[in-house]
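Residue numbers (full-length UniProt numbering), protein chains in the order written: chain A, 1 to 238; chain G, 1 to 218.
If you are wondering where the hints come from, they were derived from the structure by calculation, not from laboratory data.
Each residue gets a CB set at the ideal place from its N, CA and C atoms; glycine is no exception.
Careful, some of the hints might be misleading.
[Unchecked claim] Partial pick of chain G residues on the chain A-facing surface, computed with a CB cut under 8 Å:
#1 Gly36
#2 Leu94
#3 Pro98
#4 Ile175
[Stated by the list, open to error] Incomplete in silico selection of chain G near chain A, CB under 8 Å:
#5 Gly8
#6 Pro11
#7 Leu14
#8 Pro16
#9 Ala18
#10 His28
#11 Ile83
#12 Lys85
#13 Gln89
#14 Ser90
#15 Ile93
#16 Ile96
#17 Ala130
#18 Val139
#19 Asn173
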Amino acid sequence: MEAKPSTANLVDKIVVPGDVVLDLSSMTNQTIKLGGGLRQECDSVSVIKAGKLRFSKPNKYWVESSQKRYVPCVEDTVLGIVVDCKADNFFVDIRGPTIAFLPVLAFEGGTRRNIPKFEIGSLLYVRVVKANPGMNPELSCTDASGKAAEFGLLKDGYMFETSTGLSRMLLSSPTCPVLEELGKQLSFEIAVGLNGRVWVNAESPSTVVLVSNAIMNSESLSAVQQKIMVDKLLQRIK
Amino acid sequence: MEVDRADGRNPNQLRPLACSCSILHRAHGSASWSQGDTKVLAAVYGPKAGTKKNENPEKASIEVIWKPRTGQIGKPEKEYEIILKRTLQSICILTINPNTTTSVIIQVVHDDGALLPCAINAACAALVDAGIPMKHLAVAICCCSAESGYCILDPTKLEEQKMKGFAYLVFPNSILSVLPEGSSLVQGEPMEHGIITSVTHGAMSGNLSTLRVSVSHL
Chain A
1 MEAKPSTANL VDKIVVPGDV VLDLSSMTNQ TIKLGGGLRQ ECDSVSVIKA
51 GKLRFSKPNK YWVESSQKRY VPCVEDTVLG IVVDCKADNF FVDIRGPTIA
101 FLPVLAFEGG TRRNIPKFEI GSLLYVRVVK ANPGMNPELS CTDASGKAAE
151 FGLLKDGYMF ETSTGLSRML LSSPTCPVLE ELGKQLSFEI AVGLNGRVWV
201 NAESPSTVVL VSNAIMNSES LSAVQQKIMV DKLLQRIK
Chain G
1 MEVDRADGRN PNQLRPLACS CSILHRAHGS ASWSQGDTKV LAAVYGPKAG
51 TKKNENPEKA SIEVIWKPRT GQIGKPEKEY EIILKRTLQS ICILTINPNT
101 TTSVIIQVVH DDGALLPCAI NAACAALVDA GIPMKHLAVA ICCCSAESGY
151 CILDPTKLEE QKMKGFAYLV FPNSILSVLP EGSSLVQGEP MEHGIITSVT
201 HGAMSGNLST LRVSVSHL
């Protein structure tokens, strides 16, 4: 085993918990923003989750990894399932460590008189407003300016769960290859939550099943492989 | 000194390792770890809200369930659960998700010596797969000593039964670091300091120096 150079740069490499990635004593007078997966210990920044270390200018570092469990962050759009209704809040499960609260008034034009009634088990498209460690996250069905903006109840359709990495890939821009290929031939409606839940709706059940299977298969495929996979699936139903 | 091992290994040589992750569909993290013929499957569920009554709600708690290959759960299984729980508590960062429980379930698939170190390695890999925040990884090894004073690493079940005593040792992993003194090199090989857990069985006097030398070659 050789000695590593002291200026080894670990950006875009796979790191495991315990690796030290930044030495802060040599970086004075800079503001560095740390994202998920990194923790500051005195003068160094070390990794707490395994994944690929990413850096975006000017000063953001984070570890990119794909898990089946979601860590709530502010301004994320997620799909939640209502588990209980109380006087002030709906209890919504967003696949994180704790149950999230959705205030009863957090809807466009919401007052005490027109509180929506959600049955237990209904699927909602919501936005995370507060995500402090140790506290239950808070959600909202409006965007930052108070408009409804597609948030709210999702009726019909089919929901399935995937990893957080796949849902980030589906939401990336330019459009993910598998969604682009499916969109050329089929018409369907889709809602992707950053917590790994995907909801698909279409006129016929066979379209829904096809779209769901195509998305679930595309996790570890490259762009070209995704196009080939979608072509094969579509040929089967013709 | 020359040692004859049944499968022709050197005293310091480990059995072939194999590890695969994300093998269970429903578990949030899973790993299968095999050293030679000993194979253990670990599954991690969580973190889930709520802790048990006698756990500290200001920290995350870890619950371990050990399932033997055959037979009912008895005292040895409970002992393994406690050792595994203490080890995992010292490598996970418990202050990040307070008042939650992470369940680790260990299933023994085949036991051919060095079972507990294999289970610790499998549990650590499963926790990494589930994305539970950890300070560093845990590396576990079994070394045992015989009457004539030599010690060997990673024994099979037959070798374990013939030995005078054996010890399971768990270390933090050697890390990549950008600090100049981060990875300390001793005789050209990376060394780590500190032991997380050690379990000893039998009588092992006077062998500690040979034990230290042989373990530093891992």
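Results for each hint:
Checking Gly36 of chain G against chain A: minimum C-beta separation of about 24 Å lies over 8 Å; hint violated. Annotation: interface hint on Leu94 of chain G violated; nearest CB of chain A at approximately 12 Å, more than 8 Å. Checking Pro98 of chain G against chain A by beta carbon gives a least distance of about 5 Å; that is within 8 Å, so the hint holds. With 8 Å as the threshold, the beta carbon of Ile175 of chain G comes within range of chain A, its nearest partner Cβ sitting at about 4 Å, so the hint holds.
Because the beta carbon of Gly8 of chain G sits about 26 Å from the nearest beta carbon in chain A, more than 8 Å, this interface hint is broken. Taken as an interface hint, Pro11 of chain G does not check out: its beta carbon lies about 21 Å from the nearest beta carbon of chain A, beyond 8 Å. Interface hint status for Leu14 of chain G: violated, as the beta-carbon distance to the closest one in chain A is roughly 17 Å, over 8 Å. For Pro16 of chain G, the interface hint is violated, since its Cβ never comes within 8 Å of a Cβ in chain A; the closest pair sits about 20 Å apart.
Here the hint on Ala18 of chain G is broken, as its CB sits about 18 Å from the closest CB of chain A, past 8 Å. The beta carbon of His28 of chain G is positioned within 8 Å of a beta carbon in chain A (closest approach about 5 Å), and the interface hint is therefore held. Given hint, Ile83 of chain G at the interface with chain A, is violated; its Cβ is 21 Å from that chain's nearest Cβ, farther than 8 Å. Below 8 Å, beta-carbon pairs count as interface contacts, and Lys85 of chain G has none with chain A, the closest being about 19 Å; its hint is therefore violated.
The beta carbon of Gln89 of chain G is not positioned within 8 Å of any beta carbon in chain A (closest approach about 15 Å), and the interface hint is therefore violated. The beta carbon of Ser90 of chain G is not positioned within 8 Å of any beta carbon in chain A (closest approach about 13 Å), and the interface hint is therefore violated. This hint holds: Ile93 of chain G has a C-beta 6 Å from the nearest C-beta of chain A, less than the 8 Å allowed. Interface restraint check for Ile96 of chain G: the shortest CB-CB distance to chain A comes to about 7 Å, inside 8 Å, so the restraint holds.
Using the Cβ-Cβ criterion of 8 Å, the hint placing Ala130 of chain G at the interface with chain A is satisfied: the shortest such distance is roughly 7 Å. Interface hint status for Val139 of chain G: violated, as the beta-carbon distance to the closest one in chain A is roughly 11 Å, over 8 Å. Given the 8 Å rule on beta carbons, the hint for Asn173 of chain G holds: about 6 Å separates it from the nearest Cβ of chain A.
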